[in-house]
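Number of protein chains: 2
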Amino acid sequence: MKLEAYLDEFNARDWEPDTEPEDGPLRMAVIGLGGFALNRALPAIKQTTQCETTVVVSGSSEKTEMVATQFEADHTLDYEEFHAGKATDAYDAVYIATPPAFHLEYAKTAAEYGKHVLCEKPMEATVERAERMVRVCEEAGVTLMIAYRLQTEPAVRRLRELIQDGFIGEPVYLHGQFSSKILDNDRTDDVWRVDPDVAGGGALMDLGVYPLNTSRFLLGTDPVAVQARTATPHEEFNGVDEHVSFQLSFPDEVTGSFTASFNAHRDSRLQVVGTEGRVLIESAFGAMVNRDNVIERGDMHTEFTGPYVNEVVEEFEYFATKVLTETSPEPDGSHGLTDLEVMTEAYESAETGSWVTLR
Amino acid sequence: MKLEAYLDEFNARDWEPDTEPEDGPLRMAVIGLGGFALNRALPAIKQTTQCETTVVVSGSSEKTEMVATQFEADHTLDYEEFHAGKATDAYDAVYIATPPAFHLEYAKTAAEYGKHVLCEKPMEATVERAERMVRVCEEAGVTLMIAYRLQTEPAVRRLRELIQDGFIGEPVYLHGQFSSKILDNDRTDDVWRVDPDVAGGGALMDLGVYPLNTSRFLLGTDPVAVQARTATPHEEFNGVDEHVSFQLSFPDEVTGSFTASFNAHRDSRLQVVGTEGRVLIESAFGAMVNRDNVIERGDMHTEFTGPYVNEVVEEFEYFATKVLTETSPEPDGSHGLTDLEVMTEAYESAETGSWVTLR
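Chains as they are written, first to last, in our numbering: chain L, 1 to 359; chain U, 1 to 359.
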């Protein structure tokens, strides 16, 4: 097993076809102009070769106009206009960046007009609505991808190869944490995160989904049981889980122990320990940081930091490539649905104090 | 809160009295000559000022003679001679380093002869036997200390001060791991670790007790509930827990997520995350290593490594000081008993798949 080979081609887009797709770039309608769309997604789309923003959609016409000018989009729509089918000739796909409970309605309209869908995670607020999203996209024959950007992060992809090639032996356990003080800033657009009807939950849905999904991706398997404990000591969190610690049991008795918090000092880390070695990503889930990696096997210890890669650019290139080449993205609707099922059962477990077996 | 003050007096023995105890050194009988006693405890006692080894006790007279010569002990005893009261004039206290299920019998004999007891962890194989140990030592009026050497490790003591002074805000969660491939060496004297009757359990009892006890020490509170999942995929582990992941709930909804393994790549780490900061000890539980620490608070990030301190020397000095000054050690019998109760309920939880509330 050659570690060098992994490192030398660290940033390889292993998912890229040999020849560039012919029908690009993919024209995107960006729906919902919150912090992530403005600061990360729109600038990233501008950097891709396979995507371009042609339409922006939001509830505030002033904001929509400003953003359209900044990112050179030809069309601005409010939500009613979007649903009514205005400017459908101007885009091929939508990127849905609204709070979770609104994802289905935009995905549904997009599918009706034959548009492909890239939808932020968690894919909806409930399993039932996520299932409907999968169904409407399937029936319309459009691509549905859930925006797990870590899956296109080179550090994460390389570690997945190492793990699945047996570099650390049989995986034994994972530990992961993702925390942030989400209410300690001046942004008012984060308030939906503590509205259970809109967000579908609290720290688990918004932050816990990162270690959950990345673990599934790294191991290449889905959990068979889940257990969780939630706590909301502070009123301003509105009854959603301010803190959550949850454990997953994967096939072959691999365990994952994870914590997420809306009200703890920043912490972002994912480690996989196997019988022969371990891999660790520091700042695993944080945005716009280099990811420091530790790889150990036997007595060998390596620390390295790959070149900075904007994984949001990678994600949009990946989505566009999949759509343009008519191939299925790995994190499709049913993949996203699994996370929602696991998190729903995690909340069930937090109520009962017992492990829940997943189907 | 001044971080400098902590760092400047990093190695301070805050438990040491102003004047040296008068009746020292404390004369020790070392019982059980396995790897830890030979390689760590006996050399450490030699480095202390308050302890000396005057008696060695084991089942092999050849080994006992050799060790007595090497460490300048005046008396060698087999187990029968020890129980019969031979050489009781030559020692004031015993250090019990046999496998757990034999701890009670030596503690009992020691207490009968009025000798103080320093007993390795876990203190016994069952709660019932641990309770009996506490009782016999209490009735005899001798000191009983459980050998949680991390509690005398300067890095751990300084982090406890930081945490309990509020440096990281309110503690929110802990993560800890301790793993080692215990059967991957040529030592035959580790075989008892996979004998449930002698060890009382597997990875949880032998390794999990480290993050469990150190968390209690750092937080200054005891868990109120426990949940665990065990796995024994490989036959050579004889049915004891080869891997365990367990979660603790502490007062104020602080959670601890821990994993221990007898058959995973080495891993040793403990982190406490609070509302305002975090502290981390790398190589938290390993032997004879410098402990690298990370301390964060707000935007401040510090990494430091204190000078190497042999925590086994610290532990014996601490024990002798407590006995000679007639004060109680912090990790006393009832403190050790709590760990055994928690671990017993953790095994219960692993059977039922539910959280167990601790009394």
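Since the hints were derived computationally from the structure, they do not count as laboratory data. Do not take every clue at face value.
Said to hold, decoys possible - Covered by chain U, per the in silico footprint, the following chain L stretches (three or more residues, Cβ under 8 Å):
#1 164-173
#2 190-200
#3 228-236
#4 240-254
Unchecked claim - Simulated restraints on C-beta separations:
#5 U/D222 x L/A12: 47 to 53 Å
#6 U/V294 x L/Q164: 52 to 58 Å
#7 U/E72 x L/E170: 17 to 23 Å
#8 U/T357 x L/E170: 31 to 37 Å
#9 U/Q164 x L/E139: 58 to 64 Å
#10 L/E303 x U/G114: 50 to 56 Å
#11 U/T357 x L/F36: 16 to 22 Å
#12 U/E20 x L/N238: 57 to 63 Å
Claimed, not checked - Sample of chain L residues at the chain U side, in silico, Cβ under 7 Å:
#13 T69
#14 Q70
#15 V134
#16 S257
#17 T259
#18 A264
#19 D267
No experiment lies behind these values; they were computed from the predicted model shown. All C-beta atoms, glycine included, are put in the ideal place defined by N, C-alpha and C.
Tested hints:
1. Check on the region 164-173 of chain L: 4 of its residues sit with their Cβ under 8 Å from a Cβ of chain U, so the three-residue criterion for coverage holds.
2. Given as covered by chain U, the region 190-200 of chain L fails the check, having 0 residues with a CB less than 8 Å from a CB of that chain where 3 are the minimum.
3. With 3 residues having a Cβ less than 8 Å from any Cβ of chain U, the region 228-236 of chain L passes the three-residue criterion, so the hint holds.
4. Counting residues of the region 240-254 of chain L whose beta carbon lies closer than 8 Å to any beta carbon of chain U gives 6, which reaches the threshold of three, so the coverage claim holds.
5. At about 51 Å, the CB distance of U/D222 to L/A12 agrees with the hint of 47 to 53 Å.
6. Our hint of 52 to 58 Å for U/V294 and L/Q164 is violated, since their Cβ atoms are close to 30 Å apart.
7. A C-beta distance of roughly 47 Å is found between U/E72 and L/E170, which places it outside the suggested range of 17 to 23 Å.
8. The given range of 31 to 37 Å is respected by U/T357 and L/E170, whose C-beta atoms sit roughly 34 Å from each other.
9. Distance hint check: the CB atoms of U/Q164 and L/E139 are about 59 Å apart, consistent with the given range 58 to 64 Å.
10. Remark: the range hint 50 to 56 Å for L/E303 to U/G114 is upheld by a beta-carbon distance near 54 Å.
11. A C-beta distance of roughly 41 Å is found between U/T357 and L/F36, which places it outside the suggested range of 16 to 22 Å.
12. A hinted range of 57 to 63 Å holds for the C-beta pair U/E20 and L/N238, which are about 59 Å apart.
13. The interface hint given for L/T69 is broken, as the beta carbon of that residue sits about 34 Å from the closest beta carbon of chain U, more than 7 Å.
14. With its C-beta approaching chain U no nearer than about 30 Å, L/Q70 sits outside the 7 Å limit, and its interface hint is violated.
15. For L/V134, the interface hint is violated, since its Cβ never comes within 7 Å of a Cβ in chain U; the closest pair sits about 30 Å apart.
16. The restraint placing L/S257 at the interface with chain U holds, with a minimum CB-CB distance near 4 Å, inside the 7 Å limit.
17. For L/T259, the suggested interface contact is upheld, since its CB lies about 5 Å from the closest CB of chain U, less than 7 Å.
18. Proximity of L/A264 to chain U holds as hinted, the smallest CB-CB distance being about 4 Å (cut-off 7 Å).
19. A hinted interface residue such as L/D267 counts as satisfied when its beta carbon comes closer than 7 Å to some beta carbon of chain U; here the least separation is about 5 Å, so the hint holds.
Violated hints, in rising order: 2, 6, 7, 11, 13, 14, 15; the structure is consistent with all others.
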